[in-house]
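The sequence shown finishes on residue 357 if you use the numbering used here, and the numbering steps up by one all the way, no holes.
This list has only true hints and no planted wrong ones.
What follows is a list of derived Cβ distance ranges for each label pair: (1) Val-297 / Ser-178: 23 to 29 Å; (2) Val-297 / Glu-22: 41 to 47 Å; (3) Arg-191 / Val-297: 36 to 42 Å; (4) Thr-214 / Leu-92: 23 to 29 Å; (5) Glu-22 / Thr-53: 20 to 26 Å; (6) Glu-166 / Gln-331: 26 to 32 Å.
Calculated pairs, DSSO-like style, for lysine-lysine (alpha carbon to alpha carbon, straight line, at most 30 Å): (7) Lys-168 / Lys-190; (8) Lys-42 / Lys-15; (9) Lys-250 / Lys-168; (10) Lys-86 / Lys-190; (11) Lys-39 / Lys-15; (12) Lys-168 / Lys-86; (13) Lys-190 / Lys-176; (14) Lys-271 / Lys-250; (15) Lys-176 / Lys-250; (16) Lys-15 / Lys-41.
Everything labelled a hint here was simulated from the structure, so no lab data went into it.
All values derive from a computational prediction rather than experimental measurement.
For every residue, glycine included, the Cβ atom is placed at its ideal position computed from N, Cα and C.
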Amino acid sequence: MEFLDNPEGHPGSKCIRDGVEGVCTSIYTCLTAVQDVKDKKYPPLCRYQGDTPIICCTDCELVNDTRTMYISQTSGRWYFRNGQKARDKCLDYMQELEPCGDHFTATIAKDLDPERKCYIPRPTAALLGYGLDEDSAQWVCAGSLISENFVLTAGHCISSPSLGEVKYVALGILKRSDPSDIWQIYHVKRIIAHPDYNPPSKYNDIALLETQTRVVFSDVVRPACLHFEEIENDNNAEATGWGALGLRKGLADTLQSVYLQEFPEDECSKLYPLHRLLRRGYDHRTQMCYGHHEEVKDTCEGDSGGPLQNTFHISSCQYMVIGVTSTGRQCGLLGSTGLYTRVFSYLHWIESIVWP
Numbered sequence: 002m003e004f005l006d007n008p009e010g011h012p013g014s015k016c017i018r019d020g021v022e023g024v025c026t027s028i029y030t031c032l033t034a035v036q037d038v039k040d041k042k043y044p045p046l047c048r049y050q051g052d053t054p055i056i057c058c059t060d061c062e063l064v065n066d067t068r069t070m071y072i073s074q075t076s077g078r079w080y081f082r083n084g085q086k087a088r089d090k091c092l093d094y095m096q097e098l099e100p101c102g103d104h105f106t107a108t109i110a111k112d113l114d115p116e117r118k119c120y121i122p123r124p125t126a127a128l129l130g131y132g133l134d135e136d137s138a139q140w141v142c143a144g145s146l147i148s149e150n151f152v153l154t155a156g157h158c159i160s161s162p163s164l165g166e167v168k169y170v171a172l173g174i175l176k177r178s179d180p181s182d183i184w185q186i187y188h189v190k191r192i193i194a195h196p197d198y199n200p201p202s203k204y205n206d207i208a209l210l211e212t213q214t215r216v217v218f219s220d221v222v223r224p225a226c227l228h229f230e231e232i233e234n235d236n237n238a239e240a241t242g243w244g245a246l247g248l249r250k251g252l253a254d255t256l257q258s259v260y261l262q263e264f265p266e267d268e269c270s271k272l273y274p275l276h277r278l279l280r281r282g283y284d285h286r287t288q289m290c291y292g293h294h295e296e297v298k299d300t301c302e303g304d305s306g307g308p309l310q311n312t313f314h315i316s317s318c319q320y321m322v323i324g325v326t327s328t329g330r331q332c333g334l335l336g337s338t339g340l341y342t343r344v345f346s347y348l349h350w351i352e353s354i355v356w357p
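Let the hints inform the model, and build the full structure from the sequences given.
Set out below in C-alpha cells:
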C-alpha cells in the first residue's frame, strides 16, 4: 500500500481515525497497528520520519517498541522480548548456587524446625522492619530478595504513617519467633519507589530496597527470578507472607503460603471498579487479581509487598516472581481476591536499577 506523506502530522499531534481522536506516533509504538498490518488494514499515515511511518493511533496507551514484542501461541497475549538482564542473572544465580531440591528442603527443615512441622521453606522471602532500632522494630510488610543488594516490595511498604520509613530487611527466617541468631538482618541503604507511584493510589505500587551490605547467599537465603518470559501455567500462582491469618485475626508467626487462581480481566474490572484509590479502575496492563472461587484463599493485611510467584520451568524449586501483593478486598471471605502489581510491566525499570 502507498502511504501519502502529510507534513502536518508531527509525532504527538492529534489526528482522527474512523471518527475517533488519536495521536500521530511511530507505527512501532502502536500495538493495534501490528494487527492492522497483519490483517492488511493499514492505519492512516500522518507523515514519515526518516523511514519510519508516523501513523494515527487510537490506543489508550502507547508501547515502547512493538518490534521487541511477540504474541504467545498458547495464551494469545502480547509479550515484550525484554528482561535479558533479569534472565541472565536468574540463570547465573541458578548455576552459581547450590542446587535446590529435596536435600535443600530437608536441610532447612532440620535447621529451622527440629520438630519437622509441615511447611515449605521460601529462601527468597524477606520481612521488612520499621522503627528506631532492630530490637524494637515492627515487622509489618514483606518482600522478595532478587539480587545481592536488592529486595522487591510494594510502593506502599516503603513507609508507615506511625513507624516511618522501612529500615531493615530480615532474611533466612521462617518464623517471627525464630531465635535471634537465625535472623539475618540487613539495614536499608536506599529506598526507590517507582517514579509514577503516587500514594494513596494503587497504580505502580512497586518499589526496590537496596541493602547497605551485600547479602550473603546460602541454603536459606537465595534470590528469586523475575518474570522475564511467558509462564505456561501463570493462571495458578503461589502467594506468601507473614500477614493476618484472616479477617480481624492476628499476624502469622510462620510464613504462610497459599495457591491462588487468576481471575479473568472482565471479572477483575468488576471487582475493582473506579475508586478513589483506582481512578481508572482495574488496569490489566500493570495489575493482576488472584483469589479462589470455591475456597477461602487470599492474601491479607500484612502480606503487602510479598510475592505472587510460580516455579521456573527449568527448575521446579526455583521461583519466579510474577506479581507484588498490593491491596485487596476484604480478606478471609469466599471468593475474595487480592490485587497484585504485574512485575513483567516494570522489568525495564527494575533492571535499570538492580543491574544497570
